[in-house]
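Starting from the given sequences, assemble the full structure and let the hints guide the process.
Number of protein chains: 2
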Amino acid sequence: MKKYNIAILGATGLVGRTMLKVLEERDFPVKELRLLASERSAGRKLKFKNEELEVHAVKENSFEGIDITLFSPGKTASKFWAPVAIKSGCIVIDNSSAWRMNPEIPLIVPEVNPHVLKNYRGIIANPNCSTIQMVVILNEIKKHFGLRRVVVSTYQSISGAGQKGIDKLLSELEGNPNNDKHKIAFNLMFHDISTFSGHSEEEIKMINETRKILEMPDLPISVTCVRLPILGGHGESLNIQTEKSCSVEDLRNVFSNAKGVVLLDSPLEQEYPTPAICNGKDECFVGRIRKDDAFENGFYLWICADNVRKGAATNAVQIAELFI
Amino acid sequence: MKKYNIAILGATGLVGRTMLKVLEERDFPVKELRLLASERSAGRKLKFKNEELEVHAVKENSFEGIDITLFSPGKTASKFWAPVAIKSGCIVIDNSSAWRMNPEIPLIVPEVNPHVLKNYRGIIANPNCSTIQMVVILNEIKKHFGLRRVVVSTYQSISGAGQKGIDKLLSELEGNPNNDKHKIAFNLMFHDISTFSGHSEEEIKMINETRKILEMPDLPISVTCVRLPILGGHGESLNIQTEKSCSVEDLRNVFSNAKGVVLLDSPLEQEYPTPAICNGKDECFVGRIRKDDAFENGFYLWICADNVRKGAATNAVQIAELFI
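Protein chains in written order, with our numbering: chain P, 1 to 324; chain Y, 1 to 324.
Be careful, since some hints might not be right.
Said to hold, decoys possible - Dumping the calculated PhoX-like pairs for lysine-lysine here, alpha-carbon to alpha-carbon at most 20 Å:
hint	chain 1	residue 1	chain 2	residue 2
1	P	Lys281	Y	Lys45
2	P	Lys31	P	Lys3
3	Y	Lys31	Y	Lys45
4	Y	Lys164	Y	Lys142
5	P	Lys31	P	Lys47
6	Y	Lys281	P	Lys183
7	Y	Lys281	P	Lys181
8	P	Lys281	Y	Lys183
Just so you know, these hints were derived from the structure itself, not from any lab.
Right, here's the structure in full:
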């Protein structure tokens, strides 16, 4: 079997370290693994398959001989380094938001739109964590019953803000003071709001990325994103309308047979997905499927997934697997 | 000024103790205050205006000479004791769900439907915590622009499960094991699901009580209720449609002038209501008012209130004030 030279840029971050773990777990055919990061993290060592690998500072020639680079260095660094990597002839799978809405850049969830990558080489964007888990579920509805509209409110873990988000929560729970405008311990907060419309950046990402991935540029979609004092795992409360009439059982049947989806929906046994249940897993979990009589063909859905894995690292590695 | 003989049944519970505090804070004209509870809590002492009051076990004759009893003993006890209290000639303001949907029992939020109490004496139901904060806001929309439909997902603190909910969260955060099906520390869970439709009891309460209080029996309303690792304060993510066309500024103006409402909505300064901000307060907080272009006359709203105060104790005392 052919083996590949893989690099990870941003290897020491929360997502970078999880990429390393996922490559190992899925037994990705790796020949050489090159770990890259900023100057600040150079010299650190990370483990891969019982080997200690040194992290190198990223340079112009860091990508030479590499087939695929998994990028998770943040938006600004992605904008700078992705074109450099491409020049060396490698494929870039980028986890930041830098390239996602560029019309020439594929935005990929392997369960949903792998066809977009046909004959493509270059930069590929990995979607936002909350987008990924939602489109895996919505795409099944679109395929089988048609999707008319979506209203979603998210329940996002603080690991979406990376290691510093986790550290903030744990530090606050220990009673340490900080000067942040909003506490996260025993509280909730929103993602940064930087538009006059009042939408947060996360909300705008979910709207735009969902429409692009599902190839439904006019999909009516209403999004509210909330950050919670949870370490890992995102939940999403969806209210949808389908085009065709269907039943709760029809939806359960579709999800039972869908790739990358786990149906967990026994209401009277209080069985439903939670962040705790999906943590460390690669699938998207769905449950609490209920008919909503307030709308024609209305349904409620509850979705959970591990935001660092399926929402970032696993999805990136799955994109890389499409090139094997 | 006339003074009243007041009793509290369930005085030692989380809501009962808060009722005591709210009566004191609002300087309710109390002549005698009689604290009642189950046999188990009898003999305990609670403080009211620098006095130590003993808690008595509730009996058939406990309500004699009382003008108003605030009830928070749980549903089963309410069903038994409310008719007993009424026979003694007192008014009962009951915080449980026992009487709320009885068509002959008024279900009251003083900012919304005090007119229902005209010439009424008997049992009065205090609505569910998540219902109260929502109808205060929705009623303003109904009055000024008409309300076409509501989709809501809640972000509820574990204090909704009383002192035992708070104890569960704190114990789990300390690393103590338990046999509960779902953990709440660093996780979320749903309220008890006991219907084949898959709705939780809390979700059904919000739907039915909202329609009754707003006197809109056919209001299309879609509800998902979630419990979070937060000690106090409920959040609610609403997506609504108004009947008449209006702007975000129109809505802000209405809320700025509404009784019992605090508008906190400066998106670019990251000013919005959170459980931490509304904790210990008696008002309903609203912010993150955004236009939703996915629907005709569509808007997003974010609501927070202290669920033990406005969602229970304060609302009950405010109902009592209507009889002064």
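Hint-by-hint comparison with the structure:
1. Pair hint lysine 281(P) plus lysine 45(Y) does not hold up; C-alpha atoms about 51 Å apart against a cutoff of 20 Å.
2. Distance restraint check for lysine 31(P) and lysine 3(P): the Cα-Cα separation of roughly 5 Å lies within the 20 Å cut-off, and the hinted pair is therefore satisfied.
3. In summary, the hint linking lysine 31(Y) to lysine 45(Y) is supported, as the alpha carbons are separated by about 19 Å, within the 20 Å threshold.
4. For the hint linking lysine 164(Y) to lysine 142(Y), the alpha-carbon distance of about 37 Å lies beyond 20 Å, and the restraint is violated.
5. For the proposed pair lysine 31(P) and lysine 47(P), the alpha carbon gap of about 15 Å is at most 20 Å, so the pair holds.
6. For a cut-off of 20 Å, the pair hint linking lysine 281(Y) to lysine 183(P) stands: about 18 Å separates their Cα positions.
7. Between lysine 281(Y) and lysine 181(P), the direct Cα distance comes to roughly 19 Å. Compliance with the 20 Å bound is thereby established for this hinted pair.
8. This hinted pair checks out: lysine 281(P) and lysine 183(Y) have alpha carbons roughly 18 Å apart, not beyond 20 Å.
Hint check: violations occur at hints 1, 4; the rest are consistent with the structure.
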